[in-house]
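Here the protein sequences line up with chains R and L, keeping their order.
Residue numbers are given in our numbering: position 28 of the first sequence equals residue 28, and the series is strictly consecutive.
Residue numbers are given in our numbering: position 259 of the second sequence equals residue 259, and the series is strictly consecutive.
Hints were generated in silico from the structure; no laboratory data involved.
For glycine and all other residues, C-beta sits at the position ideal for the given N, C-alpha and C.
Nothing false has been slipped in among the hints.
Only some residues are given here: those of chain L computed to face chain R with a beta carbon under 8 Å: (1) Lys81; (2) Ile159; (3) Gly161; (4) Pro211; (5) Pro213; (6) Ile305.
Away from chain L, derived, C-beta distances all over 10 Å, residues of chain R: (7) Pro10; (8) Gln21; (9) Thr71; (10) Lys79; (11) Lys150; (12) Arg207; (13) Gln218; (14) Gly287.
Residues per chain are reported as follows:
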Amino acid sequence: MAVLGENTKPYSLRKDEQCAQLCFQAFGTNCSLLLPYSENQNLDFISEQVVLWVNNFEQRYSRYLENSWVTKVNLSAGKNEVSITTEDYEVLRAATFTFFQSKQAVDPSCLPLTQLWQKAKAIKSVPNENQILEARNLVNWEWVEFTKTKIFLAQPGMGLDFGGFGKELAVDKVAELLKNQGYQRFLINFGGDIFASGEADKNEAWRVGIEKPNEEGQPAYVLKLKNHALASSGNYRKFFDMSKKRYGHTLDPRTGYPTIHSDLSASIISPSCLKSGILSTTCLLSGIEAGMRMIEAEWDTEGCIQSVNSSCTSNRFYDYVIYEKSA
Amino acid sequence: MRELWVCTLLSFHLFTDKGNGQNALRAKYREWLEDDDRVEVRSWYAETEMALQEGWSIEFLGTIDSWSGATPNGLPPEKSKASDPNEWLNIVSEEVRKAGLFTCSKNTENYSLSFEYGISDEPDYFSRSYALQYAHKLAADTLIINSGFSLQDDSVKNINGDFVGKNNPTLSLGIQRVLDKFTSIAFNLSYSFPSGYLSDPYKRIPVDMSPVPIINLEPENRPDEREIFVFYSEISRYLDWIKAGVHMRYRYFEDNHDLSGHTLEFEGIKKWGDHWAYSTSYRFYCQKQAFFYNPQVQKFETYMISPNPTTGPYYSADHRLSSFESQTVSLKLSYFLQDDMIIDAGFDRYFTQGKDGVTDQKVYPDANVFTLGFQWQY
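Looking at chain R on its own, in the form it has when it is part of the complex:
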């Protein structure tokens, strides 16, 4: 177990026969990186670089941390501008991409709604319509004003919450970091958000499983991935019951309520984990029919939407499948 410094996370680097595995905790989940052995590798160095990068990303963009940049922006809502760095500007552009790619189903300014429902869960009381409307009226990414140097949240009470896309963006950025360091073969897995680069072994793509809803640990499909990402969204595990009704954990900022499709899970394959993540969440919020149409309209993107009893797949999803669990 290694520790980089006081404020950074511990991590472990295990060296198996065929590859090294880096493990650490971030984004509230287990994170891992598989690196097949090759020449001129410095595994200790790259492990430190990855963990440090993720740590810095979380420190800056987590809304839960008092001293994060996002918290500073949220506390300045309606009052004053906050300066931003080049990296912040990139993240804000990714947030804009998220908002529009999801057709406003994922709104990075949804903090008022997120906080309302978190409080509701804690006190076990469903918010009333007025409370939801009040929170919804503070949620609109198009009211977030930012340039290359400054950001301003136009109304008091507005707030940024990058939880809807931050982890997936981090996967893409870590992949970019690894490629810039000369690594072409690796598998990143941040709590089920995955990017597979190159091959696991000679002429063998990386193998990744998609879980069947309500059957933990049982893969519905095993996929072969090469230079593609896989992200999944589902409410079958993360839900809460209140006032005799089941609510999924995915919030729809367009309605102000958690999704009604609480029994679905959506898994998307595309060249970007961010894009896969956005589409999987949007499919979950839109339902099977609209979700499938969305997937089919995208280039180099395949996916499946599962419920407990059925599974819908896009046209070329089976190009990636090497195993399917029979019904």
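Let chain R serve as the given structure and place chain L on it in line with the hints.
Chain L alone, transformed into the frame defined by chain R:
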């Protein structure tokens, strides 16, 4: 590609040699084969014409196309991944289109009038067309003034899988004149104003999704209105000294999106003995690109997620809107089984080349076209 084939269908109907008040049966088979396993189209045409009483006649033309292959999707070829060098192509499994054209005509000493109804059906495109043509004959049929109106009413499956409408009305005015027993000329002007969903759902633009480290293909966005002017001229002459007919045709078109093109064609036809005839032709086409054509990778902008065809911005990487030239050389052999029964075989070679200095030459296809035909007038 679909519009090209609908026009080919109408051209086949309009410009084949027709009898006047005779019954006729025509059939044709055509194969369009692009090099490098690109697009392959097989077409079967059959047409029948029946003369009725008092100058009335009816015609029916049926066609079936089956097409498959690979077409550029908008990704510049050099951006394809090393692991998939054909990433810039959309592979299309076989699609079948069925179409029919029904024409009812009245021919008198002074005028001819025809009404056409056409229908074309394929899984993602449904089209109906209506046309009315009137020709007034003067000076013992040596001067004919043509006018016409047509409407194409289409339903296209857009990028989201919804069927949306587009229509294309066309007005035309023309004149044909026989100058002497060996020479005739023709001129025609037409004006079309299509509107509706004019983008191609299979064509996209390459977009740099930075800070996401990928190039994505976003749907293209063409304006939802267009105006097209076409000028056509033809001169035909029989050269008695070599017993051959020659035709020269020139066509110019331009639209309000800066797209314009010139076509120049020369054709020679000669009979050879009692039973044979052969024709050769050369066709040259050059085009200037539409203002919104851009094959290069563009930066992601939020309007690309929900493009607006009314207000823009407009963008397309469809190479058919670029500046390019094409040349076609053709050879056709006809054999007269009897005076009124002909079989023919033809071969065309089609070359294309980009001319903007930016678009990758790989996207421009060359093609071989094979045709077999049969015609019987009775």
